[in-house]
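These protein sequences, in sequence, are chains A and B. Residue numbers for the first sequence follow this note's numbering, so the first one is 2 and each next one is one higher. Residue numbers for the second sequence follow this note's numbering, so the first one is 2 and each next one is one higher.
Since the hints were derived computationally from the structure, they do not count as laboratory data. Check the hints yourself; a few may be wrong.
The list treats identical chains as one, so a pair stands whether inside a single copy or across any two.
[As the list claims (entries may be wrong)] The calculated lysine to aspartate or glutamate pairs, modelled on DMTMM-like cross-linking and capped at a C-alpha distance of 20 Å, are:
#, residue 1, residue 2
1, K230, D95
2, K208, E67
3, K352, D63
4, K51, E311
5, K230, E257
6, K420, E107
7, K352, D40
8, K62, D40
9, K62, E88
10, K62, D106
11, K51, D73
12, K352, D12
13, K352, D200
14, K230, D250
15, K208, E257
16, K230, D100
17, K208, D169
18, K230, E171
19, K62, E198
20, K230, E240
21, K62, E214
22, K51, E18
23, K230, D97
24, K208, D40
25, K208, D228
26, K230, D73
There are 2 protein chains.
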Amino acid sequence: MTSPQIQNMDDLATTIEQLFAARDLTALTEVLAPLPATDLVPLFERLSRKQRAVIYRLLPKDSAAEVFELLDPPLQSDLLHGLQDSEVAQLFVDLDHDDRLWLLDEVPAALATRLLRGLPEHERVLTSALLGYPQDSIGRRMSLEYVSTRAAFTVEETMRRVRERLQDAETVYTIPVLDDSRHVVGIVSLRDLLSAEGDISVAELMKDARTAEAASDAEEAARRCADLKLLAMPIVDRENRLVGMLTIDDAIRILEHEESEDAARQGGTEPLRRPYLSTPVSTLVRSRVVWLLVLAVGATLTVQVLSVFEATIEQVTVLALFVPLLIGTGGNTGNQAATTVTRALALGDVKSRDFMRVLTRELRTGGLLGLLLGTIGFTIASIAYSVEIGLVIGLTLLCVCTLAAAVGGCMPLIARAVKVDPAVFSNPFISTFVDASGLIIYFLIARAILGL
Amino acid sequence: MTSPQIQNMDDLATTIEQLFAARDLTALTEVLAPLPATDLVPLFERLSRKQRAVIYRLLPKDSAAEVFELLDPPLQSDLLHGLQDSEVAQLFVDLDHDDRLWLLDEVPAALATRLLRGLPEHERVLTSALLGYPQDSIGRRMSLEYVSTRAAFTVEETMRRVRERLQDAETVYTIPVLDDSRHVVGIVSLRDLLSAEGDISVAELMKDARTAEAASDAEEAARRCADLKLLAMPIVDRENRLVGMLTIDDAIRILEHEESEDAARQGGTEPLRRPYLSTPVSTLVRSRVVWLLVLAVGATLTVQVLSVFEATIEQVTVLALFVPLLIGTGGNTGNQAATTVTRALALGDVKSRDFMRVLTRELRTGGLLGLLLGTIGFTIASIAYSVEIGLVIGLTLLCVCTLAAAVGGCMPLIARAVKVDPAVFSNPFISTFVDASGLIIYFLIARAILGL
């Protein structure tokens with residue numbers, strides 16, 4: 002645990018759950034009242050949907066609003082169901098434009114339209130502007146409340162603009178510099194403004210601006226903002242005109258969202274998009290069953306393959322003993338390659354056009370691993386059974402490892418190339434594929450060597 | 002691609018590699034000279050160790066230093082080998098204290114000591130101070146260049162302090178408020194200072210400070226900083242006295258590092274800790290071989306199990322056909338549970354003390370999935386083979402799925418409880434365990450039902 006606050010938070014969660022179980026709402030209200038929103042949020046993330054709905058109602062009005070702002074959109078959407086339209090409308094108005102969009106992505110279309118209609122005219126215009134950008138584009142995640150300046154302005158003029166917007170602007174520490182037609186010509190930090198004389202021009206202070214296009218992929222833009230260690234990055238249109246700012250906290254949120262998605266897909270489940278303990282079991286099942294069925298169907302392939310070689314197995318039953326070992330090792334080698342390349346793609350270290358480089362690297366890596374495991378497998382199997390069996394096992398391991406690494410390494414690139422989330426061609430998927438092909442290799446080698 | 006800059010960067014990489022292949026160093030120097038460091042870094046991440054060493058020498062002195070600062074520590078460490086001690090010492094002096102520690106973690110102990118000795122007295126004192134904190138603690142990652150103020154100070158006084166430190170402080174946007182004995186009593190943002198009258202006291206502006214203890218786990222502190230959307234978080238000692246500041250960009254770096262580690266472990270490999278394309282194949286092999294061997298040894302368990310039931314297989318060869326399907330499905334169910342819980346642990350959504358909650362949830366989830374798959378399996382196998390076989394397959398699926406989900410869900414919690422990285426008890430590990438136990442269940446059920 003990192004600090005006292007969190008310590009207390011843990012015991013607190015228990016207390017709250019007990020009081021809730023005891024239905025002691027008065028005591029609950031007293032316990033909740035003094036808590037800052039930052040402590041209430043992790044608490045809410047541990048409660049069941051029902052508990053959340055009840056406890057939210059017990060919060061003092063202000064902290065209720067604050068908690069709502071800090072919660073993940075799926076949990077926000079849960080809460081909305083329990084509230085009256087008037088309250089819902091108010092909560093929605095209080096959100097930032099970009100936070101509104103996260104929420105709109107969660108709620109049913111009907112409610113979404115109602116919420117938008119509930120907004121004051123100018124607010125609605127701004128939020129709809131964001132809605133105009135494609136799903137998953139950074140345009141939907143940018144902030145519209147920023148301060149900008151002009152190259153010709155002096156430091157003093159710029160500081161005046163900053164002071165005017167201190168209250169409402171989402172970011173004032175990084176200020177985009179524009180020309181007369183709103184093109185981004187540079188960036189100036191509040192730090193540089195403060196250290197400069199009031200009468201010198203922004204043009205003398207500004208640095209090159211790193212920007213992202215509003216229509217571009219949200220994850221890539223967020224990664225870029227984080228990699229460049231920017232507190233905020235200007236978002237521009239095709240003509241490099243400023244349309245908004247991406248703040249680092251939103252960038253982190255986008256990345257965390259993507260990381261969770263990749264992690265889930267890698268494990269062959271759909272992302273939960275909400276804290277584990279606050280997810281109903283039925284949702285857990287739904288997040289896993291589809292993949293599990295797809296993979297099971299894929300696995301019937303192995304049954305087909307084996308039944309083709311049933312005769313061989315009957316003749317040499319001992320061959321059956323190594324099946325799990327061989328396909329397991331193949332699957333692991335494939336997973337390793339797939340995981341490494343998927344991560345490299347996520348970090349932007351590898352691009353689809355690196356296909357050949359990746360293929361050759363993985364063939365060499367898989368080959369080396371196969372050579373090593375094959376030798377070991379040959380030795381052990383030769384001693385335990387016979388040199389023929391040893392040869393079969395050794396050669397199979399060599400081939401399977403090489404194949405698995407190559408397939409595992411290339412799948413993610415192919416996925417990215419055809420615009421599918423690389424993590425979808427994930428480890429279990431690859432294992433299943435490698436299982437079937439590995440078995441064929443195994444029995445063909447066996448037949449050849451054992452002369453069946 | 003998010004923007005023009007990156008576009009060019011891509012073509013550039015190709016050009017550079019071609020020029021390098023052609024050994025045309027003059028042309029290379031010309032191409033490199035105008036590039037900003039932010040474009041050079043992704044380029045360096047795509048080059049081989051040898052290419053990097055050569056190309057780095059071709060850079061203009063200034064951008065060389067800047068590039069070095071931005072590179073990942075492992076790549077920095079690579080470059081050092083190619084340079085003379087004097088250059089090395091200079092580069093090291095130019096780094097921030099916290100960046101120095103990232104690098105020190107990479108280089109051989111002998112070089113580390115040399116580097117430290119090369120530092121000017123006061124610098125060495127500061128860096129050694131950080132080195133005093135335990136490995137993986139946030140103390141090693143915090144910044145020592147910050148501005149602090151006192152509750153009694155006025156806004157004007159504070160702004161004066163800020164202006165004095167504008168050049169060297171790593172962060173000036175979040176300012177910790179201290180009492181006479183350096184205890185953190187609050188936090189004040191530069192934004193609030195700017196919007197306030199000069200003569201009012203900091204005490205009136207400051208908000209509660211969220212802090213982390215220097216000795217606490219780096220990942221947890223970083224996650225906390227990101228979750229609370231703080232640009233910087235005060236790091237304190239046991240007595241809540243300020244010892245440093247964690248800046249959001251360092252927090253992101255720590256989290257990205259951890260994400261990569263988890264992703265790798267989940268796939269059964271050791272983290273590469275450097276960009277994929279710049280990693281030698283030999284390193285790729287080393288990062289995978291250990292796990293692969295461990296898992297292969299574990300898999301020999303399945304061979305043992307199967308040889309115990311060899312007689313059964315000889316009697317009913319058809320049983321062998323379903324082995325990959327059954328253990329595959331078990332493995333997948335286990336992976337799904339493990340992935341979900343590991344991620345929940347990483348996000349702090351689940352704690353070790355939630356063991357029972359997780360166990361019951363996963364038992365129910367696994368049971369439901371097993372019931373579904375079992376029914377399907379029973380139906381198909383009954384039609385394809387016989388009702389007995391159908392029963393065996395159906396019941397096995399039910400048991401294996403329930404077991405796998407429970408094991409997969411609890412392993413990460415146990416790991417965390419015994420202070421092992423949960424991702425180490427990763428998917429391949431769980432599959433291997435589930436494979437063996439699944440096979441036992443399978444053949445016991447088979448024997449019972451088929452009366453063997």
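Hints, one by one, checked against the model:
1. K230 to D95: between (29 Å within a copy, 18 Å between copies)
2. K208 to E67: Classified as between: cross-chain Cα gap 15 Å, same-chain 36 Å, threshold 20 Å.
3. K352 to D63: Classified as neither; 47 Å inside a copy, 29 Å across copies.
4. K51 to E311: neither (54 Å within a copy, 53 Å between copies)
5. K230 to E257: Answer is both; intra-copy 16 Å and inter-copy 13 Å each pass.
6. K420 to E107: neither (23 Å within a copy, 37 Å between copies)
7. K352 to D40: Close across copies (16 Å), not inside one copy (41 Å); limit 20 Å.
8. K62 to D40: within (16 Å within a copy, 49 Å between copies)
9. K62 to E88: within (11 Å within a copy, 61 Å between copies)
10. K62 to D106: neither (25 Å within a copy, 49 Å between copies)
11. K51 to D73: within (16 Å within a copy, 46 Å between copies)
12. K352 to D12: between (47 Å within a copy, 12 Å between copies)
13. K352 to D200: neither (47 Å within a copy, 56 Å between copies)
14. K230 to D250: Close inside one copy (12 Å) and across copies (6 Å); limit 20 Å.
15. K208 to E257: Close neither inside one copy (29 Å) nor across copies (27 Å); limit 20 Å.
16. K230 to D100: between (22 Å within a copy, 14 Å between copies)
17. K208 to D169: Only across copies: K208 and D169 sit 18 Å apart there, 25 Å inside one copy, limit 20 Å.
18. K230 to E171: Answer is both; intra-copy 18 Å and inter-copy 12 Å each pass.
19. K62 to E198: So K62 and E198 fail the 20 Å test inside a copy (45 Å) and across (30 Å) alike.
20. K230 to E240: neither (25 Å within a copy, 31 Å between copies)
21. K62 to E214: Answer is neither; intra-copy 39 Å and inter-copy 32 Å both fail.
22. K51 to E18: within (12 Å within a copy, 59 Å between copies)
23. K230 to D97: between (23 Å within a copy, 15 Å between copies)
24. K208 to D40: between (39 Å within a copy, 15 Å between copies)
25. K208 to D228: Classified as within: same-chain Cα gap 17 Å, cross-chain 30 Å, threshold 20 Å.
26. K230 to D73: between (25 Å within a copy, 13 Å between copies)
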